[in-house]
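Participant: Each protein sequence line maps, in turn, to chains A and B. Note that numbering that gives the first Met the number 0 has the first sequence beginning at 0, numbered continuously upward. Note that numbering that gives the first Met the number 0 has the second sequence beginning at 0, numbered continuously upward.
Treat the hints as calculated values from the structure; they're not laboratory data. Ideal placement from N, C-alpha and C gives every residue a C-beta, glycine not left out. Where hints are given, some of them may not hold.
Unchecked claim - As a list, the in silico BS3-like pairs of lysine-lysine whose alpha-carbon atoms are at most 30 Å apart:
no. : chain 1 : residue 1 : chain 2 : residue 2
1   : A       : 119       : A       : 7
2   : A       : 238       : B       : 89
3   : A       : 246       : B       : 234
4   : B       : 89        : A       : 246
5   : B       : 234       : A       : 119
6   : A       : 93        : B       : 234
7   : A       : 7         : A       : 45
8   : A       : 88        : B       : 238
9   : B       : 118       : A       : 253
10  : A       : 238       : B       : 238
11  : A       : 306       : B       : 84
12  : A       : 40        : A       : 18
13  : A       : 278       : A       : 44
14  : B       : 80        : A       : 305
15  : B       : 191       : A       : 305
16  : A       : 306       : B       : 151
17  : B       : 238       : A       : 119
18  : B       : 84        : A       : 305
19  : B       : 269       : B       : 118
20  : A       : 278       : A       : 46
21  : A       : 238       : B       : 234
22  : B       : 234       : A       : 305
23  : A       : 246       : B       : 101
24  : B       : 80        : A       : 306
25  : B       : 99        : A       : 246
26  : B       : 234       : A       : 90
27  : B       : 191       : A       : 306
28  : B       : 191       : A       : 142
29  : B       : 222       : B       : 269
30  : A       : 246       : B       : 84
31  : B       : 238       : A       : 93
32  : B       : 238       : A       : 263
33  : A       : 286       : A       : 238
34  : A       : 39        : A       : 263
To be verified - So the derived list for chain A, only partly shown, Cβ under 7 Å to chain B, looks like this:
no. : residue
35  : 89
36  : 171
37  : 221
38  : 310
Single-letter residue listing:
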Amino acid sequence: MVFLEFEKPLENLYEQLDKIKQIEGEGDIDVKDKVAELEKKIVAKKKEIYSNLSGWQKVQLSRHPERPYTLHYINGICKKFVELHGDRKFKDDKAIVGGIGKINGSSIVIIGHQKGVNTKMRQYRNFGMANPEGYRKALRLMKLAERFNYPVVCLIDTPGAYPGIEAEERGQAEAIARNLFEMAQLSVPILCYVIGEGASGGALGIGVGDRVYMLENTWYSVISPESCSSILWRSWDHKEEAAEALKLTADHMKEFGLIDGIIKEPLGGAHSDPDKMIKMLKAHIKKELVELQELTPKQLINNRLKKYNAMGEYDTVVA
Amino acid sequence: MGWFKRLKDGIQTKTKFKKEAPDGLWHQCRECNNTNTVKEVTENFYKCPKCNHHIRIGSHDYFDLIFDGKYETMFENLVSKDFLKFTDLKRYEDRLLSVKEKTDASDAITVASGKVNKKTLVIAAMDFSFIGGSMGSVVGERIVRAIDHCIKEMTPFMIISKSGGARMMESAFSLMQMAKTSVKLAELSRAKVPYFSFMTDPTTGGVTASFAMLGDINFSEPKALIGFAGPRVIKETIKRDLPDGFQRAEFLMDHGFLDFIVDREELKSKIDDILTIFERPAAK
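One chain only, chain A, in its complex shape:
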């Protein structure tokens, strides 16, 4: 297990638990009471730690290397899933995956940013940073969904769209802008979940939907706290302050009305019980799709328009 800085008290308890279990394995002594006591302690400690997380701590949790990624969810959610590749124009982007699948007896298109689980795979997935072809693949799949009247589910988990020479040459900005424009008028339901990091335009590029939800320990912002610190504070050392100032947690986003709700994570975060997390998300998707599929294409598009139209805070003065 990997423990983050603020999870260190847990590491101790888990170590003790392991030791006791070892003793138990050796026979003779009855340690049941001790185990139960320790397990109780762990739960209490977890509750204490996880009920008081700062913005920056949530950012760290959202990047936890043992957190489930898009393909974990897809494989857990869809009975059948066929991954589809390529944007039909240039390339197959490994940082965005997608395909067709079945959930609850109905077909869906499911798309998401994909991070790697080890160093080699992280490089292969480009750390979840998509190039224009990733966004264009996503759009191709959404258009396919529209043609066959399948709902679209998007899973968002990216530190940002890739900033590279080739990405600019092939129009990173155009690819993202096009997706926003097309997702606005897609005639099928779009359901979005931030399952990890929701950084800026790279996240939004597959993030315009009828309903947008965030998992409890994720963040969504116009910029990462690190980059914000380097630009506004002119140093990398103010990331904690930046994370607070940006108000980027799920709670804040819900309070602002920029997302529709928060999906609870298992105690200790999604990584502490991935199977449970995946089940919880699956149940949520099922429920939402039933509601959304009752709306006509016209209703969907009109509601989407109204929802995004209302986003913004400003004063009205006498000019």
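Please build the complex by placing chain B on the supplied structure of chain A, with the hints as guidance.
Facilitator: Chain B alone, transformed into the frame defined by chain A:
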């Protein structure tokens, strides 16, 4: 060792006295260092007479050029506020106050309606002098209202982009302005009202990745910097030098993202041409 020694430290021109468009008697070109009188530069459409460098100008300068000075601004009553109580080295509230002293613009975008050779056009033009032309809630809302107006009146719409990207001090709200404006442009597009996107130096970040790239016609000024990620970020990421002309208008044109590049001198006549072609035949 230099010949002269600076006696006083920290001699700097206060930002208040720095102007985007030349205001004094002389103007020195940032590109070629050539010095001209301000009159010469102004008469030359705010371009350097020697190297044709297009000097950054404000929204009202564009309105003057395109509408011959006769236009009406709209939605000036919408103003930014510090609803997140965002504080970095400075409070956002103070930034807003001080920027209003420095610039004529009431926010990073100004909407105006006017006529180009008798044809009505609504333009939303950005001001770099207003917090780097950054897109906050007011930018999004003014664009949305301008589009509503254009749909109602069936008037063509144009945005002149000039921006460093999203306004960080409005956090996720500024991010959502990308979605808000793009979703609204989809509505404009469905109403079959033409939208022209004119990009000027610089157009980067969330502005490029939303309304700037979504024109029925995309065009720009020569040599304007246009891109998603800033050149410095890209350089730090890939750890090598960027090719000459990278992210300049000509580069984007070559890669198929611009329809044409227009010299400021030709701007008005080009817009006139486009409007004539897009003009609806009078109802019979």
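Participant: Broken hints, numbered, in rising order?
Facilitator: 9, 22, 32, 33 and 35
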